[in-house]
Amino acid sequence: MRRRGAGVGAINKSKLAQTKYKDKGYELAADQLEQMSKQLETFRDHLEQFASKHKSDIRKNPQFRQQFQEMCASIGVDPLASGKGFWSEMLGVGDFYYELAVQIIEVCLSTRHRNGGLMSLEELRDRLAVSRGRSQQAQDISLDDILRAVGKLKNLGNGFTVIQVGRSFLIQSIPGELNMDHTTLLQQAQVTGYVTISFLVENVKWDEERAHRATDHMVKEGLAWVDDQAPEERQFWFPGLWSGISA
Amino acid sequence: MDRFYWSDSPLKSDESLVFQQTGVRLYDGDKKTKFDRGLLILTTHRLLWRDPKDQTCTVALDLPLVVFLEEKPSGFAKSKPPGPVTSSVYNFVLLSFREAGETQFFRSFQEALTQKRWLQSSIPVQVAAQSSIQNRQIRTGITGIERKMQAKNKQMEQNISEAFEDLSKLIDKAKEMVDLSRTISNKIRDKQGAITEDETIKFKSYLLSLGIPDPVTRETHGSGAMYHMELAKELSRVLEKPLQECGGMMSLTDVYCWVNRARGMELLSPDDLLNACKMLEALGLPVRLKIFDSGVVVLHLLSHSEEEIILDTTKLLEEKKSLTADELSQLVAVSVVLARERLFATERVGGACRDDSTQGLRFYPNWFLTRPV
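Chains A and B supply the protein sequences, listed in that same order.
Note that the working numbering has the first sequence beginning at 1, numbered continuously upward.
Note that the working numbering has the second sequence beginning at 1, numbered continuously upward.
Excised from the complex, chain B in its bound form:
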């Protein structure tokens, strides 16, 4: 927020008022500033913020410095602007509209930026520039430092604008690819264009490279991309031991953390992990994916038996008289989520009874079945 400057209220000679809105707060990047509940004024040349309690307190920003403007659900952000802070980590500022009015302000602001009225009155600006050149360039002291920072910021500004431009061009090219892939997908779906198995696999890998979701080929051509199949094999190999060590079952989020921490680089995306796990069964690997009714997703060893777990849990319940998921998780050294699933599984076969209260969810051995009346 270091592009704003203190200003006196009156507008300059060719500057005119475009729009104003009360109840606006300025944010330096994501940080709140003390400029709250003020009057935000948009002119043809600048953006001003005035403190309603102290009319002389006004901060201003020259519109030419605004590189980019967008609306966010709660207020909107501009890049490069900011105010009376000598230096700022952020290169954007947020305007928070406490009393609404943001849509219209946004529109007026965009219009003002496109119209660029400040360019029309170039003469007074040139005069100012000349006189500043005549002043000695101060290189040392605070002013020197400030000047250096300004120059650096300006450089960064230019870099970022260039980056945005390059990005737009890149995305345009990507769009062409997306359109082409869609045409091909449509052809395959409408059965107007058949391609061989090999070609399907190639096509899938193209889609994966670009990050295009792939509903068509997945439906009609069962197997996933080569990458996911290889990944599935790798996962099964790598996870066998850790799974054995932690009771035969691990939640998918734990697997995600474990695998990525082990890799260090070239991390897996959550989608990669999920897609690979979906292929475990088809490939006949000893590690399998399981989705519980509650929505919890785990990987477990094939050799891991559900019945054993239930027997184990029932025994523990008898011993301890009652258990919550937290208590069980500590006893058996599994995560709370998995402990809960064990209790649910035991309950489903009638081995446990639940007591649901504000004190929490507690399970008891099922005396309705086991104790004689």
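Next comes chain A alone, as it looks inside the complex:
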């Protein structure tokens, strides 16, 4: 009998086929979930083995840590996403970074009145080293560690961002936007720690109005200090760019 492609019969047949396929699809997904569950157990074992050999390496070796992070990122895994994750539980990476994040918050808070919530990455690292102490437990904190911890803090909504200024990084810990002009200003100020209006006009080719707007914003936000005792003209100093520790 010739197969008909049209008519009620055909519609019913295709509906039946669709339901069958859907059930099959249901099965397939459930099967795969089952498979994943088994694979997860095996993976857990592997991770345990790895941890027993290398857990202390991760703690002690900043470069190994960084390598670990990069490799996870390359396959689309975020080992710091949850304290409940395998990585955190078995390798202890979580506690390391989450505690570092707490310390970063505290350091930034304690210096905010001085630098308006902007600090160089190096200064942050130095201050953290001091507050973590020189005990055996205090491990080497690399700049990469800090950047990753700060990256995780972004979602908490307190304005933690990393700003790239030239070749180095600044950590911002207050909400508030810094636009292109402000970043350029910071870049210019990096060398000497301060800028003047005429310096900006000459070197960055801004008109006076624009230079004033940018510096005014910095002063208002508490990121820059005004120095009217300078010989020629007013200087704007940026405590956030001063590296090294002062009391």
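If you are wondering where the hints come from, they were derived from the structure by calculation, not from laboratory data.
Errors might be hidden in some of the hints.
[Stated by the list, open to error] Taking lysine to aspartate or glutamate pairs in the EDC-like style, the calculated list, with each CA pair at most 20 Å apart, reads:
| hint | chain 1 | residue 1 | chain 2 | residue 2 |
| --- | --- | --- | --- | --- |
| 1 | B | K31 | A | D144 |
| 2 | B | K152 | A | D140 |
| 3 | A | K55 | B | E165 |
| 4 | B | K175 | A | D144 |
| 5 | A | K53 | B | D30 |
| 6 | B | K32 | A | E48 |
| 7 | A | K55 | B | E157 |
| 8 | B | K34 | A | E122 |
| 9 | B | K175 | A | E34 |
| 10 | B | K204 | A | D31 |
| 11 | A | K38 | B | D179 |
| 12 | B | K173 | A | D45 |
| 13 | A | K60 | B | D30 |
| 14 | B | K202 | A | E122 |
Since the structure is predicted, the reported quantities are computational estimates derived from the model, not experimental observations.
The hints should help you fit chain B onto chain A, whose structure is shown.
Same frame as chain A, but now just chain B:
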């Protein structure tokens, strides 16, 4: 930086020049050394750095010692190399290219490492090894100590290489899991594979364990992972009292610090905290998450009333004639960020007026509304 050694300039017999670059600074780990603005020379066997002002000052590193090489945005790092420092905390060195040229150098360096030309000329090396065996092994004194350190470093080297290998294998296995989870996610999204509620919850917990972001199931299946729900309940319980003590509201960063300091171990990730807080409303708990226009995120008690705060702030403004966020924060004992939000909230209903200048942001009672003309 203790694997470098002083060297005389001429290249060895089978060593040849690969690439050179001026304006390079050496860093011991993250610390600057005095080797700045020099000529960095890459040969088939070694990496040399020469001081342009003093041609006899050259430091060298044997390429076989370089375990790992990578490029960083500002210069690039190698592990194990380092130079004329007798001991170093770091096991890596940074090369900072002041006059650019890093990409090509990096490429040449990688090539030189893969080619391993130093292995081809093994005869002179063997001869050297034999003669050193014939020398007495010095175990005491400075040399002895140095030898011990060298041995220890070598051991660490081996450990680290092994660790890197193990890590690669582990990550490969993890990748399989990631791919599988993606297939499942896709099936769910394309509705080609339906799974039950229970199975969805299981799947979510798998994703959480592996640290795989979970956009699909979150969209289509509302509720978050079990873990976050439990966490939300715990947070609400634990935070009620502290919230009452500090005026009913705490910024999320403060909550993060507070909770983790209290825990001591098994800390929460920022994401965990955020995800749990997102579920507070759905679970009908007395603590709620609030996101202000400025982007500030807080947790507050449900019983905490916005109107009361505004009335309170307006009264304070009348009393003090004007307030900045700093001043208010000290008066009311809340953080500066929250004090600022109070002033903004009061301003929004017309209870305050702002004065925005380089002296800072100051608020005044709103006489436009309250004082008769």
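Between B/K152 and A/D140, does the CA-CA distance stay at or below 20 Å?
-> holds (19 Å)
Given pair status - A/E122, B/K202, alpha carbons within 20 Å = Violated - the C-alpha atoms of A/E122 and B/K202 are around 43 Å apart, more than 20 Å.
Between B/K204 and A/D31, does the CA-CA distance stay at or below 20 Å?
-> Holds, at about 16 Å.
CA of A/K55 to CA of B/E165, is that 20 Å or under?
-> Roughly 14 Å separates the two Cα atoms, so the pair holds.
Would you mind confirming whether the straight-line C-alpha gap from B/K173 to A/D45 stays at or under 20 Å?
-> With Cα atoms ~11 Å apart, B/K173 and A/D45 stay inside 20 Å; holds.
Would the pair A/K38 and B/D179 pass a check requiring their Cα atoms to be no farther apart than 20 Å?
-> Since the Cα atoms of A/K38 and B/D179 sit roughly 15 Å apart, the hinted pair holds (cutoff 20 Å).
Pair hint outcome, B/K175 versus A/E34 [Cα-Cα no greater than 20 Å] | The given pair, whose Cα atoms are some 18 Å apart, holds under the 20 Å limit.
Proposed proximity, B/D30 with A/K53 (alpha carbon, max 20 Å) | Roughly 27 Å separates the two Cα atoms, so the pair is violated.
Mind checking the alpha carbons of A/K60 and B/D30 for me, to see if they're no more than 20 Å apart?
-> Roughly 16 Å between the alpha carbons, so the hint for A/K60 and B/D30 holds.
Does the structure keep A/K55 and B/E157 at a Cα separation of 20 Å or less?
-> It holds: about 16 Å lies between the C-alpha atoms, which stays within 20 Å.
Are the Cα positions of B/K32 and A/E48 separated by 20 Å at most?
-> violated (38 Å)
Would the pair B/K34 and A/E122 pass a check requiring their Cα atoms to be no farther apart than 20 Å?
-> It holds: about 19 Å lies between the C-alpha atoms, which stays within 20 Å.
Comparing the model with each earlier hint shows violations of hints 4, 5, 6, 14; every other hint is respected.
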